[in-house]
Amino acid sequence: MRPEISRLWTSTLVLLGLTAITSCRPDSLSYSSDTSTAPGSGMVAVDEMPMVNGISSLPIRMEWEFTSTEADGSEEHLFETFHADGTGNIALDLTLTGDGVSAPIAPTPDIDLLHHNRQIYLALYRNLSVTDPLLAEANYIWFETLGTQTIAGQPCTEFYLDSHFGVGDAKLWIDQNTGLILAWTLYDPADVEIQNLQATLVDYQPNLSGVTWAVPQVPSQPYDPKTSNRTLGFKPHRQVYGGPGFDSEVQTMLITQSQFPGVKNMHLNMLTDGLRTVFVAQQRPPEWALQPKGFRMGTVSFARVGGVSVLEGLVAGNWVFCVGSIPADDLLVLANSLRRR
Amino acid sequence: MTHQPENDRLSKELEEAFRSLANVSAPPELADRVRLSHLGSEKAPAELWDRVEMAAFGKVEAPEGLWEKVLPEVKRQSWTTRVFRFPRRLAAAAAIMLAVGIGYGLSPWAQPQQDMRMAEYAALKEEALSQYVLIEVEPNELSSSAATMAGSLGGSLKPGGLK
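From first to last, the protein sequence lines are chains A and B.
Sequential numbering from 1 applies to the first sequence in my numbering.
Sequential numbering from 1 applies to the second sequence in my numbering.
There may be inaccurate statements among the hints.
[Unchecked claim] Once the Cα atoms are required to be at most 30 Å apart in a straight line, the calculated BS3-like pairs of lysine-lysine come out as: (1) A:Lys171 with A:Lys226; (2) B:Lys125 with A:Lys171; (3) A:Lys171 with B:Lys158.
[To be verified] Part of the chain A face toward chain B, derived, beta carbon under 8 Å: (4) His116; (5) Arg126; (6) His164; (7) Arg284; (8) Gly307.
Keep in mind the hints are simulated off the structure, nothing from the lab.
Cβ atoms here follow ideal geometry from the backbone N, Cα and C, with glycine treated the same way.
Take these sequences, add in the hints, and give me the full structure.
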């Protein structure tokens, strides 16, 4: 190599090095990250997404403690046992409940029944799971804590997910051998913890005899705009925008009237941002809710319970529910993006 | 005009001389010379002469010591425009970095695209908030369908929390 070219390369490298040094910030984040939520020290940006598997993808028995935090700081603790046979059958049983102050107790029959009826949704949609790696990579900046941590006796890697849209960050602890999420924590936009789950036992060779597998309490059918509206009794609107990074919709029709005559059939759209699940559901509106023509401003109610925001109201003539662990005004964007077909 | 046939006849020697030239063609510059003679004498522009003269002159070396003699006069008459010293190789390195920086700035991974997504979303949120009035209610004031869906995503099971 000619000496001039060699000197040119040396100068370029020196300048690049100086630029890199001067670009470093005290919080060790890259400039492409969201500065509002700095992860802790000892974390590095992830170059390649980790392999993550769903908890129902292999035979397993797990015990975990799920905690949700209300706005007033009070907590609800659920001690649950999960089984999966790896072929799609799952079961989630409630063993104890607690408030984080007193010792856990056995659930009352009505609490147990509520939990039993919801077990499929709790296992599949409440629990964080990387359902769409591309979306999860697009909507969150992934950081990895160097070193290995142990959850329920399994070697895990801790990841911090910084939300691009500011809907709240998350932490995941992923089993280095199986790719299962063994613990997770979900934060609100102010970095206050709203939900977390931590496995206390993991058995990859479970004895599944005697397990009663969960069955859906409400029959569902895939939604077909050409044929389903007659069954639903109304015409659902279509979602034209996925809100803060949500996509990959799965549209189903819940035939609630077959089980609960007082509850009208429902159109359910399940959206994900790669990590969280949000429900956008529609029903034929109740008679009292019909809005007079010319009324321009809509009114929707919302509540937050156990880290979950719930929004409901009349949107473009249909009764709409938006539910998910994101702020209510972000749910409103989803509701406002419903358009008549 | 009268016709004089004796003038048309060529002498025998001349005729033989012309016949011996049968396979000979005129040189190419002959046409140029004839054309020039028709033009008469035209004066060439001054700079043309300078250029031809320079080309004809070829390269010559200035006498030794000439540059040293004229340098003080050149310095006296010229402006000093150099602001600071910057080695040429450093300038080249900076140019490479600038090109890389511009390339990154235009790439799809650059931050501005992310900023655009955020700005677009902020506008949509503003629009949604301008269309609806959000009223916060107690969890037990939600409809049973809303409460059931909230419970399915981890809403509280406490009595009095959700139905």
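Now for the hints, and whether the structure bears them out:
no., hint, in the structure
1, A:Lys171 with A:Lys226, "violated (42 Å)"
2, B:Lys125 with A:Lys171, "holds (26 Å)"
3, A:Lys171 with B:Lys158, "holds (26 Å)"
4, His116, "violated (11 Å)"
5, Arg126, "holds (4 Å)"
6, His164, "holds (6 Å)"
7, Arg284, "violated (12 Å)"
8, Gly307, "holds (6 Å)"
Hint compliance for this structure: hints 1, 4 and 7 are broken, all remaining hints hold.
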